[in-house]
Amino acid sequence: MKARAALQKVLRQNEFYILLVIILLAIVIQARSGLFFSLDNIVALAGAMVVPGIFAVGTYMVLVSGGIDVSFPALASLAVYATTRMLVDWGWEGGLWLPLVLVIGISAVLGAFNGAFTATIAVPVLIITLGTSNVFSGFMQGALSSVQIPSIPPAMAEFGRASLLVTENPRTGHLSSLPLSFLVLVVIVAAAFVVMKYTTFGRSIYAIGGDESSAARAGVNVKRTKFALYIIAGVLAGIAGLVRTSMMGQMHPTNLLGMELMVIAAVVLGGTAITGGRGTLTGAMLGTLLIVIVQNSMILVGVPTIWQRVALGVLIIAGTAVSAVQMTRARKRQGAIV
Amino acid sequence: MEHIISLRGISKSFAGVQALDNVTLEIAPGEVHCLAGENGSGKSTLIKVLSGVHAPDGGEIILGGESHRALTPKQAIAHGIQVIYQDFSVFPNLTVLENLAFTSEISDKRPFVSWRRMRRTAETALEKIGVSIDLDARVDSLPVAQKQLIAIARALMNDARLLVLDEPTTALTNREVARLFSVIADLTAEGVAIIFVSHKLEEVFEISQRFTIIRNGRHVITCLPEELDRASFSFYMTGREFDDERFTGGDIAADPILELDGLSVSGAFEDVSLALRPGEILGVTGLLGSGRTELALAMFGLMPHDSGRIIVDGKEAKLRGIRDAIDLGMAYVPEDRLTEGLALERSIGKNITISVIDKFVSRLGTLRESQLNAEAQRWVDRLKIATPTPANAASTLSGGNQQRVVIGKWLATGPRVLVLNGPTVGVDIGSKHDIHRVLRELAADGLAVIIISDDIPEILENCNRVLVMRDGRIVHEVDSVDTTEERLSDLMSKDVAEGGKR
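Chains A and B supply the protein sequences, listed in that same order.
Mapping to this note's numbering: the first sequence position 273 is 273, numbers consecutive.
Mapping to this note's numbering: the second sequence position 287 is 1287, numbers consecutive.
Derived by calculation from the structure, the hints in this document are not laboratory data.
A couple of the hints might just be wrong.
Chain B is nowhere near these chain A residues, computed Cβ spacing over 12 Å in every case [stated by the list, open to error]: (1) Val64; (2) Glu168; (3) Val220.
With a straight-line cut-off of 25 Å between C-alpha atoms, the simulated DSS-like cross-links for lysine-lysine are [what the hints assert, rightly or not]: (4) B:Lys1350 with B:Lys1384; (5) B:Lys1128 with A:Lys223; (6) B:Lys1048 with B:Lys1074; (7) B:Lys1048 with A:Lys223; (8) B:Lys1109 with A:Lys197; (9) B:Lys1350 with A:Lys223.
Covered stretches of chain B (in silico footprint by chain A; criterion: 3 or more residues with CB under 8 Å from a CB of chain A, positions within the stretch not fixed) [stated by the list, open to error]: (10) 1049-1056; (11) 1084-1096.
Glycine is no exception: its CB is placed at the ideal position from the N, C-alpha and C atoms.
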């Protein structure tokens, strides 16, 4: 009986199905190319997970609270561009701590903008973050007249190049390395897991996503929680931006823009409800992994790059469809027939 | 005896509207106090004064031996006053465990939650009211009654001394109501007082030890149940007298307009046969889950039937959806639609004609305004809607007249059969009588009406014939004139019909 209940629980979870899809995709790619389960492919996937993975953590937290943030790529770009510009102009030769402090500081302030608007005015968060997204990227491109910065402070470049391990493909001789930044993702995921599962703050985010007025009646300071949440989401985005710039070895101001749809799709595919209140970190990571596999590995089976975008589009539609079906089901459960 | 809380001479106005005028309410420990009044009578304002949400303009609140001008929500909670709102304030996305224990984690201001401690808290909370619910179930998968028990259990955790239940039985089945009442009895035995807000007559008489009735923001009477009967209760609430006369059916035509012959939908109901004649009001009753709603859906082609026939005017009808049913002159008013089916800020006329607006489109695609207005006027006259002109906003009407507008909207489609599912769920007494009067008038004019409801007095007073459903079958047909409420209730409930066995 217990085993069956446990099985039923697993079968109801999105995570299970997305894992199934990932395994199927892996088997297909492996069968066609023989390269999927090679160490260098795994390592390449892990490396490609880092930036979307960190973004996904923030997006998952915001979605659970019943909000949505589309400004994080612009926020990250602005924070990292401003930081890099300053440090390059000063000729900073010191450690990584200063870029990290600057990025965290700036993105916290930018996140606080989102948080302050969300907590105080009754406008859908989507509209607010669409607005701030434009303000952030406009400020970067206009006021800071952003251009590509070809050389970044040495500490950042060094961090970007550092690897945890390097592998060589025995057949092709291709070198892959697992970047040090993968550790950053691991630490952030672990921290987010603890926050969302074991802190009153994390459970308050779930409570607000479930029913905001009930949360307020239960004694949750809804405004303060949301404010803090958007600051955290901003900081996570900033860190992801710093990692991306470091790994690329140059600051490309528009490189991140447009990632929001892919990241939100990944998180929703992983079972986080776009209506709030539901979702797991595991699901968010699996969703991200699926999208990263589609982006990176389809080339292994000889699918031209243009089709990757089609596949990505299909996944986004699938992701939204999943949450639409969930919503309908939830409504049916509430007994609203006809 | 010292009162838990005394509200004396409370007045409160909002933007010039006097919501409460010199109202007094005193609650003794361990009593079940019924607070009754029609919608808009000031009940909810009074409760909000009690729970500290609203500060009154005048009057005195005596709580814990001290006199206050107004309370804050914190003070109210600190003195053990807990309100269970109609939406229960639960978190549908979280487990029962967390719903029960989350509040205390928050109020203890802990930075970290301990799942083990929360489980203990939740178990204790459920034990206190003597119910067992799977702690790991997600709340949105539970029936309404269990959500309510969770809300009650949660409210009781912080040494509640007064529990306010705001229309607690609206969504419950009879058995669930009985369960709730036994929980209430246990609580009052421990000295917890209950304010029971409801306008369901049977229930308030069954459970309440004292009554306070308010009308138009004024205190009408506080008394013991012995001093009230159904008629005086309705009178105090509405200020109107109602006759309890039963509908017997006037000129009932010989030929049925709608017949069901052995209709079955697997998993919902089986072998249902009935015949409906113009001029009669047929009642279909049964507990929730007896198949009554599914029967209505199948009758309108909203749920495909597996076997049996639907016969309209003596000919078998194939219904593929609501459109077919409307074309055959059948109208279905789902639950709550009489209370929700209005655009209040739009005109009465527009509200009525919205259902038939496509009949008034000219060849150019524009609306024929004058014909539309004439149609609206026709229904205003026919249903005796009290308004100088259909151009007035629906919000200018009294509750009962608003209900007429909604009925008019359905009637404008020209039905010969009108099926209403739970027509007066959540409707206050005055409006309820108004709806019933309109339905009787319509039947007298030759409409065939089916009322699906589990409100026993409603069914007995307004239907000339009653079909009782149980477990998907029609088990009895009774004549409403010689059937008592107790008898009908017994017929509906399986336990009693099978000799009280479980």
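Consistency of the hints with the structure:
| no. | hint | verdict |
| --- | --- | --- |
| 1 | Val64 | violated (9 Å) |
| 2 | Glu168 | holds (45 Å) |
| 3 | Val220 | violated (6 Å) |
| 4 | B:Lys1350 with B:Lys1384 | holds (17 Å) |
| 5 | B:Lys1128 with A:Lys223 | violated (33 Å) |
| 6 | B:Lys1048 with B:Lys1074 | holds (13 Å) |
| 7 | B:Lys1048 with A:Lys223 | holds (23 Å) |
| 8 | B:Lys1109 with A:Lys197 | holds (16 Å) |
| 9 | B:Lys1350 with A:Lys223 | violated (41 Å) |
| 10 | 1049-1056 | violated (count 0) |
| 11 | 1084-1096 | holds (count 8) |
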